[in-house]
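Chemist: These are the residues of each chain, in order.
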Amino acid sequence: MSKIITDVVCPFCGTLCDDLEVTVSDDGKKLIDVSNACAIGAMKFLHSQADDRLTKPRMRNEDGSWRDVSYEEAADFSAKMLANSKKPLMYGWSSTNCEAQSVGSTIGELIGAQMDNTATVCHGTTLIAVQDVGVPSCTLGEVKNRADMIIYWGGNPAHAHPRHMSRYSMYPRGFFTAKGHRGRTLVVVDPRDTDSASIADIHLKVEQGRDYELLSALRVAFRGEVLPDVVAGIPKEKIYEVAEKMKKARFGVIFFGMGVTQTLSKNHNIDIAIQVTRDLNEYTKFSIMPMRGHYNVTGSGEVWGWQFGFPFCVDLSRGFARYNPGESSSNDLLVRGEVDSVFVIGSDPGAHFPFGSVKKMNEIPCVCVDPHITPTTVVADLHVPVAFVGVEVGGCAYRMDSVPIETHKVVDAPEGMITDEEFLNMVLERLQKIKGV
Amino acid sequence: MKKVELTIKQQPELYLETENITPDAFAGKSADEIAALNVYEGNVTHKLGDFFSIAGTPGATAADTQIVVNGNLERVKWIGSRMTAGEVVVESSMDMYAGAFMAGGKLLIKGNAGHFTGLGMTGGELRITGNAGNYLGAAYRGDWRGMQGGVLRVNGNAGSDVGSFMRGGEIIIGGDADVHVGTHQEGGKIVVKGNAKSKVGGQMVKGEIIVFGTIDVMMPGFAHRDNVDLEVDGTKATFKRYEGDLGERHPKSKGAVVYGQLYIKQ
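First to last, the protein sequences are chains F and W.
Be aware that the first sequence starts at 1, since it is given in the numbering used here, and climbs by one per residue.
Be aware that the second sequence starts at 1, since it is given in the numbering used here, and climbs by one per residue.
By construction, these hints were calculated from the structure, which means they are not laboratory data.
Do not take every clue at face value.
No more than 16 Å apart at the CA atoms, straight line, and that leaves these computed lysine to aspartate or glutamate pairs for EDC-like [claimed, not checked]:
hint: 1; chain 1: W; residue 1: K2; chain 2: W; residue 2: D64
hint: 2; chain 1: F; residue 1: K44; chain 2: F; residue 2: D348
hint: 3; chain 1: W; residue 1: K197; chain 2: W; residue 2: D216
hint: 4; chain 1: F; residue 1: K86; chain 2: W; residue 2: E13
hint: 5; chain 1: W; residue 1: K110; chain 2: W; residue 2: E91
hint: 6; chain 1: F; residue 1: K86; chain 2: W; residue 2: E41
Keep in mind it's a predicted model, so treat the numbers as computed, not measured.
Work out the full structure, taking the sequences as your base and the hints as a guide.
Modeler: Encoded structure:
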């Protein structure tokens, strides 16, 4: 027999859907089916049931093969590695809960670590821009109930955040948006012909790397100044037309993705997009929101924000928090040879960092805490598999609009497996003993 | 002026933070006291004497002190940061934050300087004989005040984000500049003797940018007004004068709107 658990929160992307239904066996040990989730979210739940899943930590032998070790041995190794490092990097944090992030912050402070999360290769540039010029934002609920103009800039939600359009932006019927998508205008700005662009009312095929110029041109157009004939591959008539439509919207929102945060101009793209939003608030109501990737990358920024004052790239080496992406960002630290060990949790830099960084991770001591076998575990000296947050253990996560949502446990973890938080607490206890505090 | 000579005798395993190598920190101290100043490698605090041999004695004041640093300093950060007077000569390329927040005196780097050189400097003279990295004379993260005073001269090329949020002083680049020159600039003057790529003067409020070479892609918010004859750093020439960024806010002075000025040599 089986039972259905409703209102389950999906721990995959920053949309953090909270309407999933999960079918589990009566004893709560087996997860059978997932409904309402997108293909990616469903796979995340079902992957926890994989037969070949690792359930014990494993340590690298001299010859490169693995041997199983206990969680105690794994915690000993991690604590020793961190205590012996002059500048350890503790990276990841985006696919775990805020409770684990909080324990991690305590460890980082104790050992003077470099704390960085996946924003460093994703929306970190957004965070830089927000600090430079502020941000007029809102919640996704407001978008659903009020927005009649949706702009996706440098992102493809149809594939990256599959339920974003149906739950919050384009399709839902809200309090003031009873017509659903028929009452909304969709603008997609992307050099590519994506599936998101194919359903747009207006697709601005911006020249690659010229988003900054196009955003600047919109600001020129708002002020009624003269534009050159073509900006960023878009004729000026089109720019004036879109600028006018933006001014006339009742409530508009710009969602932006890595097409602007990680291409030429980076933080400046977001900086000027925020100023576009601010300019529009002279005429109507406009908001801007990053399409955060990992389900709790926003949470790790929140936790460090309240602990250290900075959301990523936090340098604790001198006993106080410093922050300067470009110096204290993971890839700069790794490629330049500024760190002497790496502790990875809740992320896969092996798959997403440049080769030079991954090579460095292979050279220096590296611990990876992750339920899966990933490209990162390939270069790690110790791999600690843990329970899936949001599937086998609950905990707090922050949605892309900074709304905290409590995730739920739906099924038991395999016998003997512990959580991120429990493992970090074991490492912390050992470090406190080593440091005598 | 009295002279102290430092020579690096041991390379750090990681990188060394040496914000204490300034005339201000050295003035009035004996060689032993200088050797006892802190330097930092990650979370470990070392003594300056562990990494550098020290010869000579400093003056009684910063203004009366010259520091010469010898050896390979490519893994050393923060030399000359926050200095207010005196002179520092770096006889090598060095890493990040040379002369960051410096307020006075002279800093000469005989080689390349890393990123964040002259960050938020308010006065003094900073010269680099080689190339400079990104964020030359820019603002520290989150600060709306970049370089505010002094002169920053680079013989070679500069990286991206030259003079972001600059509010005063002068930056002269002998070679080319990468993207983003004078973004959010609100005062001061930036001279690029070579070519600039793109995003020049984006979100500029006021101040001057002068480019001797070419700009690959102009920002849409700059309008050509007229042509003017100028003498810039000893060179007389005719420049096309643009005003912008027209999409940005601008103050008024005596009833007229003040724009950022962009000059491109004809």
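Chemist: It remains to establish, for every hint, whether it holds in the given structure.
Modeler: Okay, the hints, checked on the actual structure:
| no. | hint | in the structure |
| --- | --- | --- |
| 1 | W:K2 <-> W:D64 | 6 Å, holds |
| 2 | F:K44 <-> F:D348 | 15 Å, holds |
| 3 | W:K197 <-> W:D216 | 5 Å, holds |
| 4 | F:K86 <-> W:E13 | 9 Å, holds |
| 5 | W:K110 <-> W:E91 | 5 Å, holds |
| 6 | F:K86 <-> W:E41 | 7 Å, holds |
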